[in-house]
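> Here's the letter readout for the chains.
Number of protein chains: 2
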Amino acid sequence: MITPPNASHNRSVLAVGSVAFDTIQTPAGKADSVLGGSVNYFSIASSFYAPVEIVGVVGEDFPKSHLEWLSKRRIDVSGIQIVSGKTFHWVGAYDTNLNEAKTLSTALNVFEHFNPKLAPSHTRASYVFLANIDPVLQQSVLDQVAAPKLVACDSMNFWITGKPEEFKKTLKRVDILSVNEGEAYLLSGQKNIAKAAEIIRGMGPSVVVIKRGEYGATLFTPNGTFLAPAYPVDTVIDPTGAGDSFAGAFMGFLAEAGVDRAMAQTDPARWETLLRRAVLAGCVMASFTVEDFSMHRLMRLETKELVDRQHALMKMISL
Amino acid sequence: MITPPNASHNRSVLAVGSVAFDTIQTPAGKADSVLGGSVNYFSIASSFYAPVEIVGVVGEDFPKSHLEWLSKRRIDVSGIQIVSGKTFHWVGAYDTNLNEAKTLSTALNVFEHFNPKLAPSHTRASYVFLANIDPVLQQSVLDQVAAPKLVACDSMNFWITGKPEEFKKTLKRVDILSVNEGEAYLLSGQKNIAKAAEIIRGMGPSVVVIKRGEYGATLFTPNGTFLAPAYPVDTVIDPTGAGDSFAGAFMGFLAEAGVDRAMAQTDPARWETLLRRAVLAGCVMASFTVEDFSMHRLMRLETKELVDRQHALMKMISL
Numbered sequence: 011m012i013t014p015p016n017a018s019h020n021r022s023v024l025a026v027g028s029v030a031f032d033t034i035q036t037p038a039g040k041a042d043s044v045l046g047g048s049v050n051y052f053s054i055a056s057s058f059y060a061p062v063e064i065v066g067v068v069g070e071d072f073p074k075s076h077l078e079w080l081s082k083r084r085i086d087v088s089g090i091q092i093v094s095g096k097t098f099h100w101v102g103a104y105d106t107n108l109n110e111a112k113t114l115s116t117a118l119n120v121f122e123h124f125n126p127k128l129a130p131s132h133t134r135a136s137y138v139f140l141a142n143i144d145p146v147l148q149q150s151v152l153d154q155v156a157a158p159k160l161v162a163c164d165s166m167n168f169w170i171t172g173k174p175e176e177f178k179k180t181l182k183r184v185d186i187l188s189v190n191e192g193e194a195y196l197l198s199g200q201k202n203i204a205k206a207a208e209i210i211r212g213m214g215p216s217v218v219v220i221k222r223g224e225y226g227a228t229l230f231t232p233n234g235t236f237l238a239p240a241y242p243v244d245t246v247i248d249p250t251g252a253g254d255s256f257a258g259a260f261m262g263f264l265a266e267a268g269v270d271r272a273m274a275q276t277d278p279a280r281w282e283t284l285l286r287r288a289v290l291a292g293c294v295m296a297s298f299t300v301e302d303f304s305m306h307r308l309m310r311l312e313t314k315e316l317v318d319r320q321h322a323l324m325k326m327i328s329l
Numbered sequence: 011m012i013t014p015p016n017a018s019h020n021r022s023v024l025a026v027g028s029v030a031f032d033t034i035q036t037p038a039g040k041a042d043s044v045l046g047g048s049v050n051y052f053s054i055a056s057s058f059y060a061p062v063e064i065v066g067v068v069g070e071d072f073p074k075s076h077l078e079w080l081s082k083r084r085i086d087v088s089g090i091q092i093v094s095g096k097t098f099h100w101v102g103a104y105d106t107n108l109n110e111a112k113t114l115s116t117a118l119n120v121f122e123h124f125n126p127k128l129a130p131s132h133t134r135a136s137y138v139f140l141a142n143i144d145p146v147l148q149q150s151v152l153d154q155v156a157a158p159k160l161v162a163c164d165s166m167n168f169w170i171t172g173k174p175e176e177f178k179k180t181l182k183r184v185d186i187l188s189v190n191e192g193e194a195y196l197l198s199g200q201k202n203i204a205k206a207a208e209i210i211r212g213m214g215p216s217v218v219v220i221k222r223g224e225y226g227a228t229l230f231t232p233n234g235t236f237l238a239p240a241y242p243v244d245t246v247i248d249p250t251g252a253g254d255s256f257a258g259a260f261m262g263f264l265a266e267a268g269v270d271r272a273m274a275q276t277d278p279a280r281w282e283t284l285l286r287r288a289v290l291a292g293c294v295m296a297s298f299t300v301e302d303f304s305m306h307r308l309m310r311l312e313t314k315e316l317v318d319r320q321h322a323l324m325k326m327i328s329l
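For the protein sequence lines, the chains are R and D, in the order given.
Heads up: take any position in the first sequence, counting from 1, add 10, and you land on our numbering.
Heads up: take any position in the second sequence, counting from 1, add 10, and you land on our numbering.
With the rest of the complex left out, here is chain R:
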């Protein structure tokens, strides 16, 4: 397994974002009102590596059994508020280009008034992941966390174009930005991955991870570039959640290994190597996610399968 070195530090990952129902059409079929949402995917993926604390909101229609399932695998769901109303519902579709989702409708429901208030225990988080939410809320989360050692964030076109100034404020406060290729082009104004990453790094995050769907992910740090391939799966059923589960494994790996922003100065070679291994861990996790609708594949994923596929991917990139 691409196993992070053990760590004795506080290695919980705090993740703030959406928990949702998704209705998804892909060339492989359709799934109606299935479990979705960024921190839902993120937390399952991350929990293979490190304890996770998630903050979000659901309506009364959300299955308690799922929250119970999460909490049985070192995922702290006490930050999930259950409020009167309906859960966020995203309806999307993919055509044969499985790398880009098309949003058909978005019913924000209870998510519309989401305003994350962290419990005292969550404010002590060392590792923070700000999933794709309003950049104003992303900053509000950072205001509440006392002394994070490593902060990563995601975003999407909606916020990059809709609240560019606020998103730039978020970027100044994060160590790592993880976005997909199209988002990187939009944010940077550059349709070239290396140039885009350089411009984005100039906006704040010292590390940029550009997710490229079936083509893998590229890591940009002050020390260089790492080209990580996707694990070639037999059949892609549903790409939804691939990016969030990538981020979950990536951050879980870093947390477990104790990789923080200080290490970039104290041990840059080790920091770089662990970031690269974390990207591969993310690629492998995403390859499972896409093999079924919703988080079905992740929910039945066995550690041995994960280990085997990690070994297989390592062999596919070794000389």
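Quick caveat, the hints were computed from the structure, so don't treat them as lab data.
Errors might be hidden in some of the hints.
For chains that are exact copies, the list does not tell them apart, and a pair is met inside one copy or across any two.
Below 30 Å or equal to it, Euclidean Cα-Cα: the simulated DSS-like pairs (lysine-lysine) are [to be verified]:
| hint | residue 1 | residue 2 |
| --- | --- | --- |
| 1 | Lys-201 | Lys-112 |
| 2 | Lys-205 | Lys-112 |
| 3 | Lys-74 | Lys-179 |
| 4 | Lys-314 | Lys-178 |
| 5 | Lys-182 | Lys-325 |
| 6 | Lys-201 | Lys-40 |
| 7 | Lys-127 | Lys-179 |
| 8 | Lys-127 | Lys-82 |
| 9 | Lys-325 | Lys-40 |
| 10 | Lys-205 | Lys-40 |
| 11 | Lys-314 | Lys-182 |
| 12 | Lys-205 | Lys-314 |
| 13 | Lys-112 | Lys-159 |
| 14 | Lys-314 | Lys-82 |
Go by the hints and put chain D onto chain R.
Same frame as chain R, but now just chain D:
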């Protein structure tokens, strides 16, 4: 440098295919009637690694100075017939998706009656590359070569759909097929790269290289899969010839290293490693080709630049 181990065997690469003029429109601009053609690109790329012998046909309008330029760098152009008439002229365009060329017109001219007759010295070739030509001609070339140690071929949609039975006969006689992603899907009827490669390997070639443009190339052998990334260039000016120069460096590397089909049995681990390194050599060469129109970049490429970029790519895939 990704340097092939020295070899004392006959390491010339015989390449049969087109020499042409291209008129190309890309988002970066337009080039009118510039040097093109598969074996033209192939031979320059290959000559960085091994001696090359090319077989093709041009009209009286083709600049002799270019043939002289080629022959000054261990490229034997004695197999290029100069016949009465005009040189093959391809007119193509790329939209923002630089991975796929659109053919606007094809004037075969003297290429229409191309029927490669090998000189006696060429029939003794150990390494043979059959560029994208009529599969009947590809077989005719193989009929003339006495005892090739390694044969690779390329093709395109036009032949895969136009002469499928003839192309399948070619495939039964080659060790390596190098095609792009779309061609692999068309040939296999599978829109999944691993499945496509498996089906194609069942048609004859034990090794399949699927070229994926800016996403690199994937190597499939009986021993496994190798995921090679493209070198991330700053600006892609013209993708024309990227695949042919990939193949040129790939075959040149294998020839120089003495990798033949026998090695697959006698030393499979070394065979696999050298094939993987050859793919990386191909990716690096292609990354130069796309930096300018026609073969301009390859023609001014210095060995030091090649070495530096090979080192850089190795660093980008190392953990």
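> A separate judgement is required for each hint: does it hold in the structure or not?
Consistency of the hints with the structure:
Taking CA atoms no more than 30 Å apart as the test, Lys-201 paired with Lys-112 passes in both settings, with 20 Å inside one copy and 21 Å between copies. For a Cα distance limit of 30 Å, the shortest separation of Lys-205 from Lys-112 qualifies both inside one copy, at 26 Å, and across copies, at 27 Å. Neither within a single protomer nor between protomers do Lys-74 and Lys-179 lie at most 30 Å apart by alpha-carbon distance, with minima of 36 Å and 61 Å respectively. Taking identical chains as interchangeable, the C-alpha atoms of Lys-314 and Lys-178 are never at most 30 Å apart, the minima being 41 Å within one chain and 40 Å between chains.
When the C-alpha separation of Lys-182 and Lys-325 is checked against a cutoff of 30 Å, the pair qualifies only between copies, where the shortest distance is 29 Å, while the shortest distance within a copy is 37 Å. For the identical chains of this complex, Lys-201 and Lys-40 are inter-copy neighbours only, at 19 Å across copies versus 32 Å inside a copy, given an alpha-carbon limit of 30 Å. When the C-alpha separation of Lys-127 and Lys-179 is checked against a cutoff of 30 Å, the pair qualifies only within one copy, where the shortest distance is 20 Å, while the shortest distance between copies is 68 Å. When the C-alpha separation of Lys-127 and Lys-82 is checked against a cutoff of 30 Å, the pair qualifies only within one copy, where the shortest distance is 23 Å, while the shortest distance between copies is 73 Å.
Taking CA atoms no more than 30 Å apart as the test, Lys-325 paired with Lys-40 passes in neither setting, with 34 Å inside one copy and 42 Å between copies. For the identical chains of this complex, Lys-205 and Lys-40 are inter-copy neighbours only, at 23 Å across copies versus 37 Å inside a copy, given an alpha-carbon limit of 30 Å. Taking the shortest alpha-carbon separations for Lys-314 and Lys-182, neither the intra-copy value of 39 Å nor the inter-copy value of 39 Å comes in at or below 30 Å. Within a single copy, Lys-205 and Lys-314 get their C-alpha atoms only as close as 38 Å, which misses the 30 Å cut-off; across copies the closest is 24 Å, which meets it.
In this homomeric assembly, Lys-112 and Lys-159 never come within 30 Å of each other (Cα to Cα): the closest approach is 35 Å inside a single copy and 50 Å across copies. Taking the shortest alpha-carbon separations for Lys-314 and Lys-82, only the intra-copy value of 19 Å comes in at or below 30 Å, while the best inter-copy value is 57 Å.
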